[in-house]
Every structure is written in structure tokens, then in C-alpha cells.
Amino acid sequence: MNKEENWYEDFSIEGFQTDLISWFENEQRILPWRENKDPYRVWVSEIMLQQTKVDTVIPYYNRFMELFPTTKHLAEAEEERVLKAWEGLGYYSRARNLQAAVREVVERYGGTVPNDPEKIANLKGVGPYTTGAISSIAYDLPEPAVDGNVMRVLSRVFFITEDIAKQKTRKLFEEIVRTIISKDNPSAFNQGLMELGALICTPKSPSCLLCPVQEHCKAFAEGVEDELPIKSKKKAPRPLAMAAIILTDEADNIVIHRRPESGLLANLWELPNHETQNGGADQHEQLKSFLHDEYSLHVTIGEHIANLEHIFSHIKWNIAVYVGKLNKQFAMRDDLRIVNKKELEKYPFPVSHQKIIASYYR
DNA sequence: AAATCGTGGGG
DNA sequence: TCCCCAAGATT
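For the first sequence, my numbering assigns the number 1 to the initial residue and increments by one for each residue that follows.
Just so you know, the hints here were simulated from the structure itself, not pulled from any lab data.
Be careful, since some hints might not be right.
Below, a list of computed lysine-lysine pairs in the PhoX-like style, where the Cα atoms sit at most 25 Å apart [said to hold, decoys possible]: (1) K166 with K84; (2) K168 with K218; (3) K72 with K346; (4) K37 with K119; (5) K218 with K166; (6) K168 with K53; (7) K183 with K234; (8) K316 with K233; (9) K325 with K341; (10) K124 with K84; (11) K53 with K84; (12) K342 with K316; (13) K325 with K235; (14) K171 with K53; (15) K53 with K235; (16) K166 with K204; (17) K166 with K124; (18) K328 with K342; (19) K234 with K316; (20) K72 with K168; (21) K204 with K231; (22) K84 with K328; (23) K124 with K171; (24) K183 with K53; (25) K183 with K231; (26) K231 with K171; (27) K325 with K53; (28) K234 with K53; (29) K171 with K119; (30) K231 with K341; (31) K124 with K204; (32) K168 with K84; (33) K166 with K231.
Now the in silico label distances, taken between C-beta atoms and shown as ranges [what the hints assert, rightly or not]: (34) D163 with D252: 48 to 56 Å; (35) P260 with E175: 34 to 42 Å; (36) S22 with V54: 15 to 23 Å; (37) V351 with I58: 33 to 41 Å; (38) T70 with P237: 47 to 55 Å; (39) G127 with N318: 30 to 38 Å; (40) K355 with R108: 36 to 44 Å.
Idealized CB from N, CA, C, for every residue including glycine.
Please build the complete structure, drawing on both the sequences and the hints.
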């Protein structure tokens, strides 16, 4: 049974709100972004938490708020410092969009996030979920904040079998939340749904016996909580062979390259590298040609010191790592530098290249 | 609508 | 080992 007209048949909205909110008030975790309701702090936390686990975010969040405690601090920072603070968190466009949006808030709104969902939604990097999260948590506005937790919880509560991997499904849940959200405490209601999804109504083996809204849950009543939500599978990442090189001069400085300002790992720095073809019997020759043709670097390729895997959501890099020596004078370019070990510390790198560099100096 | 965009951890 | 997963947004 999944007709939209009776998804809430026999459902007590008031009872659900009361049970959810009182559970949240008693059981919520102590988290750094819950210390106060500063909209900027809420905003930063919501961006970091996109597709990222709470335990991963906490140390990044604390460091980030120390470096950039207010919108003005972040607006005035160099982008490279922001990316360095984000290094290892992934989805780096989040950091760049956040800074661009914060600069807009400083310029257009005097540094304070506007108390208006429509204006919030227009900020770069702020989509439907984050709009609702900031609006409800920081400003107590009864806006839906539908993330993966909310879709999973409500799929079970109302026995909804729509595929939550499809973009349009989110809208269905937003309409449901608009109906059942507490107007008195939208912040605790939205956070309660997410906290419930994180602690009780988990993807696998949900703890229904501990659930504060068990008596409201249709999936539990039917014994189908393990079958929900319905979620189609993603494609496996496609493999890509590449060669990277630790390229040094006589003084043991390392050549690094800045990636393009759009696309994968945008504006991060990396070791010189190149996609290689045909399995790579002559990988080092392909790399040498690339360094010469694209970077005008004359090099002697040395030993093949390691193979490394770097898995993204949609790509799997198989990296052959070489060492090499720079033969000629270094040709200056904006996206090409030669730096020493100490200077490397201020450049943001993808995790795989961090690991290569760390192993070289170990 | 489907791809793109990271990373680390758990079953 | 592999697959799935996590407080999504953008193109």
C-alpha cells in the first residue's frame, strides 16, 4: 500500500512530534556545532556533513572554526588556506562554494546569514537540504531538511517504497515533512529525524526495540523494516591507469602542479602525473613525453617505487609511482612550482598524493 | 535524469 | 575483498 493520499492514515502527527522531540532532547549527542545556534556555525557544519560521517567531521570542524571563526574571517582568507583546512575531507568544491557564498553574505548582508529560506537557497553550495537545515536549526523556521536519514526513517514510518536514490523522490518527503513538522520546534524535529536515523533507525539492523517512535512506524508493524528504504545501486568506479612522479632537483626540492580550477580535485596541488594507456609497459616513457610536451620539463625517470590505488565515487586511479631527476632549469609557470619539504606543508593535496609524499620523506 | 564530485570506515 | 554507506549540490 503506497498511495500518496493515505500515507498518513491512522497517523498521529502530534504523538509523533512529541515522542520524537522529547527523545531528541534527552538523547542527542553533544557535538561542537550544537554549542550554539550561530547561523554561520550551523552552515559550516551542514556543508561539512554532506555525505560525510559525524566522526570524520568533528576534528575538521573544530580546526576550521578556530581558523575562520566568523564569516568575515572566512571571506578574507586565501582560498588555498581554506582548501588546506579541507584537505582530506573530500568534495572540495564544498569548501570553495562555501567561501564564495560567505563572501556574498559579507558583501550583501553585512556578514550575517539572512533569515529567509529563499535567500539562503540562493547561496552557492546550498541546496534544498542545507537550506532547510539552516532555516530550521538557526532560525526556527518550519522548513523541511530532507537528507538520507530523513528519507530512510520516513520510508519506514510510512512504508514508502519510492527509490530514494532518485532525485525527485526527495520532493515527496519534503511534502510529508511540511505536513508533520512541529511548528513549535522545527529545529528539534528536523534534527530529531536525522539523529534517529543516525543512532536508531540505521541502514542495517535498525534498533526498533529502542525506537521512540516505534508505535508510529508502519514498517515495524509489518515487520519489513529491513526491506526499507528502497535504494537502487550505484555503478562501480571505472579504473584509470596513471603514472605519477616524485621529481627532484639537486637540492631535493619537489616539483608540484596545481590542478585546473574546475573538475576533479579542483585547485588542489599534485605530483606531476599523467593517464597512461595500454596497460603501461612503457608507462615511464609516456610520463616522460607528457612532462616534456605539457610542462616543458626535461627529466630522467628513475625507479618505479610503488603502486597505489585511489578510489573516488566514480573513478579508480591505479597509480604507478616513479622517482626522477630534473635535468634542466625550471621554467616558471603559474601552475608549476618546485618546493622544499617545509614549503609543502601549506599546499593542499589529494589524499593519494599526500601518502606518496609522506612515504618519500619517511 | 544521470554524472560528477572524495574519503574512510564497517559489515 | 568488496560493497555499501555518510547531515547533497551542481551540471
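Is the Cα-Cα distance between K231 and K171 25 Å or less? 16 Å, holds
Would the hint linking K124 and K204 be met if the CA-CA limit is 25 Å? 34 Å, violated
Quickly compare the C-alpha distance for K166 and K124 to 25 Å and report which way the hint goes. Measuring from Cα to Cα gives roughly 22 Å; hence the hint holds.
Next pair to validate is K171 with K119; report whether the Cα-Cα distance is within 25 Å. Distance of about 20 Å is within 25 Å: holds.
Could you see if the CB distance from D163 to D252 stays within 48 to 56 Å? 54 Å, holds
Starting from the hint 33 to 41 Å, judge whether the C-beta atoms of V351 and I58 obey it. 18 Å, violated
Check the hint pairing K183 with K231 against an upper bound of 25 Å on the C-alpha distance. Violated, at roughly 30 Å.
Going straight from one Cα to the other, do K183 and K53 come out at no more than 25 Å? 28 Å, violated
Under the criterion that the straight-line Cα-Cα distance not exceed 25 Å, is the pair K328, K342 satisfied? Roughly 23 Å between the alpha carbons, so the hint for K328 and K342 holds.
Can you confirm whether the C-alpha distance between K325 and K235 stays at or below 25 Å? 40 Å, violated
Could you grab the alpha-carbon distance between K84 and K328 and see if it respects the 25 Å cut-off? The given pair, whose Cα atoms are some 31 Å apart, is violated under the 25 Å limit.
Between the beta carbons of G127 and N318, is the distance compatible with 30 to 38 Å? 33 Å, holds
In this structure, the earlier hints numbered 1, 7, 12, 13, 20, 22, 24, 25, 27, 30, 31, 32, 37, 38 are contradicted, and the remaining ones agree with it.
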